[in-house]
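Visitor: Let chain G serve as the given structure and place chain S on it in line with the hints.
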Amino acid sequence: DAGVTQSPTHLIKTRGQQVTLRCSPKSGHDTVSWYQQALGQGPQFIFQYYEEEERQRGNFPDRFSGHQFPNYSSELNVNALLLGDSALYLCASNLGQGLPEAFFGQGTRLTVV
Amino acid sequence: GEDVEQSLFLSVREGDSSVINCTYTDSSSTYLYWYKQEPGAGLQLLTYIFSNMDMKQDQRLTVLLNKKDKHLSLRIADTQTGDSAIYFCLPKVPDTGRRALTFGSGTRLQVQP
Chain G
-12 DAGVTQSPTH LIKTRGQQVT LRCSPKSGHD TVSWYQQALG QGPQFIFQYY EEEERQRGNF
48 PDRFSGHQFP NYSSELNVNA LLLGDSALYL CASNLGQGLP EAFFGQGTRL TVV
Chain S
253 GEDVEQSLFL SVREGDSSVI NCTYTDSSST YLYWYKQEPG AGLQLLTYIF SNMDMKQDQR
313 LTVLLNKKDK HLSLRIADTQ TGDSAIYFCL PKVPDTGRRA LTFGSGTRLQ VQP
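Sequence lines, in order, name chains G and S. Under the numbering used here, the first residue of the first sequence is numbered -12, with each subsequent residue one higher. Under the numbering used here, the first residue of the second sequence is numbered 253, with each subsequent residue one higher.
FYI, nobody ran anything at the bench for these hints, they're computed from the structure. Don't take every hint at face value.
As the list claims (entries may be wrong) - Here are some chain S residues the structure puts well away from chain G; computed CB gaps all over 10 Å:
| no. | residue |
| --- | --- |
| 1 | 273 |
| 2 | 310 |
| 3 | 319 |
| 4 | 320 |
| 5 | 354 |
| 6 | 361 |
Stated by the list, open to error - With a straight-line cut-off of 25 Å between C-alpha atoms, the simulated SDA-like cross-links for lysine to any residue are:
| no. | chain 1 | residue 1 | chain 2 | residue 2 |
| --- | --- | --- | --- | --- |
| 7 | S | 288 | G | -5 |
| 8 | S | 308 | G | 14 |
| 9 | S | 288 | G | -4 |
| 10 | S | 319 | S | 332 |
| 11 | S | 322 | S | 291 |
| 12 | S | 320 | S | 298 |
| 13 | S | 288 | G | 14 |
| 14 | S | 322 | S | 293 |
| 15 | S | 322 | G | 28 |
| 16 | G | 0 | S | 364 |
| 17 | S | 288 | G | 15 |
| 18 | S | 288 | G | -10 |
| 19 | S | 320 | S | 257 |
| 20 | S | 319 | G | 13 |
| 21 | S | 288 | G | -6 |
| 22 | S | 288 | G | 88 |
| 23 | S | 322 | G | 15 |
| 24 | S | 288 | G | 31 |
| 25 | S | 322 | S | 261 |
| 26 | G | 13 | S | 261 |
| 27 | S | 288 | G | 93 |
| 28 | G | 0 | S | 291 |
| 29 | S | 288 | G | 0 |
| 30 | G | 0 | G | 88 |
| 31 | S | 322 | G | -10 |
| 32 | S | 308 | G | 88 |
| 33 | S | 288 | S | 260 |
| 34 | G | 13 | S | 273 |
| 35 | S | 319 | S | 269 |
| 36 | S | 308 | S | 361 |
| 37 | S | 319 | S | 297 |
| 38 | S | 288 | G | 32 |
C-beta atoms are modelled at their ideal positions from N, C-alpha and C, and glycine is treated no differently.
Okay, chain G solo, but in the shape it has when bound:
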């Protein structure tokens, strides 16, 4: 079991550009959540996908959007990048039943210059 995998691991973008980050959940997991972790902070919830729909959303602007595919993998898109979007973006998956712990990927380090 590969666990949660994210790509790419590192990314540098220019202010104003758009970025797409990808996540494959742990085998058997159907729910994917995305978190943004700025340096020195705890992760902040962006949104969650289940059954290919956005089910919950944190306090992030509409520039942040996502998608979930039939195979449960997910993408996070950020438009009109700002310098403040520089962070570690973490994907977490769970099954939504039983012990509700989340399994996290290693993250994508996004730097906006």
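Guide: Coordinates of chain S only, in the frame set by chain G:
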């Protein structure tokens, strides 16, 4: 954010015991998790305790729960340099397999050789 309080920093010498404390607000929490984040990495579920338990021991880790005071602690025996990381305490309420996780800033544990 506001759901848990942890001290921001703890420094110990290699071989000593570390105790990381956490207070939380939601008394309906059913599971209480400890996540570990090594530098530049994603989060790893370290251990958890059910709310009907007072203590759980797992090798070098001991989790103590005081439900009355809503206080959770993580003790790491014989702390090693590889234990240097940020530790996040997360209480979790029932039904919420798909509820977003709310992280505080965590406790940064620094182990001095």
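Visitor: If you check each hint against the structure, which ones fail?
Guide: 5, 8, 10, 11, 14, 16, 20, 23, 26, 29, 30, 31, 34
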